[in-house]
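Q: Sequence:
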Amino acid sequence: MGEPNKPRDVEELQALRNEADQLRKSLEDAHREKENWFSRKEAINAEIKKLVEELRKVRGERDAINLQIKEEKQLRGEIQHKAMEEFSKVQQLRQESRHLAEKLPDMTNPNAIREHIAKLEYTIETEVIPFERERELMKKIRHLQTTYQQANLLGNVHQHLHEAFYHGKEKKKEAFYLHKAIQQQAKESQERHEKLINLVKGLKEKSEEEGIAFSKFVEGKKLFLGLQGQYHKTLRALHGIERRFTQRRRAKEDIRRKTEELALKEKSDAVQEKIKKGGKLTTEDLLVFQQVVRLEER
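As numbered in this note's numbering, residues 2 to 299 make up the sequence shown, in order.
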């Protein structure tokens, strides 16, 4: 290794120190920027997880409502079918009622007919009447009995008609209220569907934001790693120059120490010579001895 050029090394050392300081600052800024984007990405990811959880919840609610609507529509159809059957029965019973009513006198009352029959039978049993008159009364009783049976049948038809009409009306009312409930459920399902659309839209936007944040993080990481490489390279160069300065300082110290030792040896030899000749030692000579002792103790 050649002799270092001191002025040039000092300038290079200062330049490398300045460069290292600037790179360290840039590295800290890049690290902070990189971590900010990473934190932003993680925060967005947490929001996305919440949106996904909410989306699953709303979708489950909507699907449950839709399933209930499907079941209730099927039930409403069955109820409406039963109502139609009852009203169809009403139409049949009305026709049967009209047909029976056509065979009966107006204002026919089964109780009145029964009382009339009882009176005629009582007359035959308690009164003495001509045979022809009795035959006429018996004929009339048979006719009244037929009328009574038809009147009873008509009453039964009327009762069944009223029952069928009542049941049909109740089924129709039940279907109506079920229809109202289905409409309300359809409204709730639509509200959840619209909320679902907004959640999907929000999820898409957040996913795009997360993608941007991640890209920025990757860019920041690349910049950070690049600056880190430059910083380490600058530090290696800086340490190389510092080692040269250390080696030069040590070399100077060795030269100075050897020079001092040589000068001290010369003084020590002179003092030894003075002692041999019986000369008087001075304070300076004593100091030389102390220095020699300290040097030997090292």
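Any given hint could be a false lead.
As the list claims (entries may be wrong) - Simulated pairs of lysine-lysine, DSBU-like, Cα-Cα distance not exceeding 35 Å:
1) Lys-266 x Lys-253
2) Lys-205 x Lys-222
3) Lys-26 x Lys-181
4) Lys-51 x Lys-205
5) Lys-266 x Lys-51
6) Lys-196 x Lys-207
7) Lys-223 x Lys-51
8) Lys-71 x Lys-50
9) Lys-74 x Lys-207
10) Lys-223 x Lys-83
11) Lys-266 x Lys-35
12) Lys-74 x Lys-58
13) Lys-50 x Lys-234
14) Lys-207 x Lys-42
15) Lys-35 x Lys-223
16) Lys-26 x Lys-222
17) Lys-71 x Lys-90
18) Lys-51 x Lys-207
19) Lys-181 x Lys-71
What the hints assert, rightly or not - Now the in silico label distances, taken between C-beta atoms and shown as ranges:
20) Leu-197 x His-161: 48 to 54 Å
21) Glu-243 x Lys-51: 50 to 56 Å
22) Val-201 x Ala-47: 14 to 20 Å
23) Val-201 x Arg-95: 56 to 62 Å
24) Lys-205 x Ala-238: 48 to 54 Å
Calculated directly from the structure, the hints in this document are not laboratory data. Even for Gly, the Cβ is constructed at its ideal location relative to N, Cα and C.
Q: Against each hint, give a clear statement of whether it holds in the structure.
A: Results for each hint:
Simply put, Lys-266 and Lys-253 have alpha-carbon atoms about 20 Å apart, close enough for the 35 Å limit, and the pair holds. A threshold of 35 Å between alpha carbons decides the hint, and for Lys-205 with Lys-222 the separation of about 26 Å falls inside it, so the pair holds. The suggested pairing of Lys-26 with Lys-181 is violated, with an alpha-carbon distance near 70 Å, which exceeds 35 Å. Only pairs whose Cα atoms come within 35 Å are accepted, and Lys-51 paired with Lys-205 is accepted, the gap being roughly 13 Å.
Proximity of Lys-266 to Lys-51 is assessed by CA-CA distance (about 86 Å); at most 35 Å being required, the pair is judged violated. In summary, the hint linking Lys-196 to Lys-207 is supported, as the alpha carbons are separated by about 16 Å, within the 35 Å threshold. Distance check on the hinted pair: Lys-223 and Lys-51 sit about 31 Å apart at the alpha-carbon level, within 35 Å; holds. For the suggested pair Lys-71 and Lys-50, the alpha carbons sit about 31 Å apart, so the restraint of at most 35 Å is met.
Restraint check for Lys-74 and Lys-207: not satisfied, since their Cα atoms lie roughly 39 Å apart, outside the 35 Å limit. Simply put, Lys-223 and Lys-83 have alpha-carbon atoms about 75 Å apart, too far for the 35 Å limit, and the pair is violated. Restraint check for Lys-266 and Lys-35: the C-alpha separation of about 65 Å exceeds 35 Å, so the hint is violated. A distance of roughly 24 Å separates the Cα atoms of Lys-74 and Lys-58; the hinted pair therefore holds under the 35 Å criterion.
For the given pair, Lys-50 sits about 43 Å from Lys-234 by alpha-carbon distance, which is inconsistent with the 35 Å threshold. Restraint check: the Cα-Cα separation between Lys-207 and Lys-42 comes to about 10 Å, which is no more than 35 Å; the hinted pair holds. With a C-alpha separation of about 9 Å, the suggested pairing of Lys-35 with Lys-223 holds against the 35 Å cut-off. Proposed proximity of Lys-26 and Lys-222 is supported: the alpha carbons are some 16 Å apart, at most 35 Å.
At roughly 29 Å between alpha-carbon atoms, Lys-71 and Lys-90 fall within 35 Å of each other, so this suggested pair holds. Restraint check for Lys-51 and Lys-207: the C-alpha separation of about 11 Å stays at or below 35 Å, so the hint holds. At most 35 Å may separate the alpha-carbon atoms for a hinted pair to count; Lys-181 and Lys-71 meet this at roughly 14 Å. Checked against the given bound of 48 to 54 Å, the beta carbons of Leu-197 and His-161, roughly 52 Å apart, stay inside it.
Take Glu-243 and Lys-51: their Cβ atoms lie about 54 Å apart, and the range 50 to 56 Å holds. For Val-201 and Ala-47, the Cβ-Cβ distance of about 18 Å falls inside the hinted range of 14 to 20 Å, so the restraint holds. Here the CB-CB span from Val-201 to Arg-95 is close to 57 Å, well matched to the stated 56 to 62 Å. Separation of Lys-205 from Ala-238 is about 50 Å and conforms to the stated range, judged on CB atoms against 48 to 54 Å.
Consistency note: the structure conflicts with the earlier hints numbered 3, 5, 9, 10, 11, 13.
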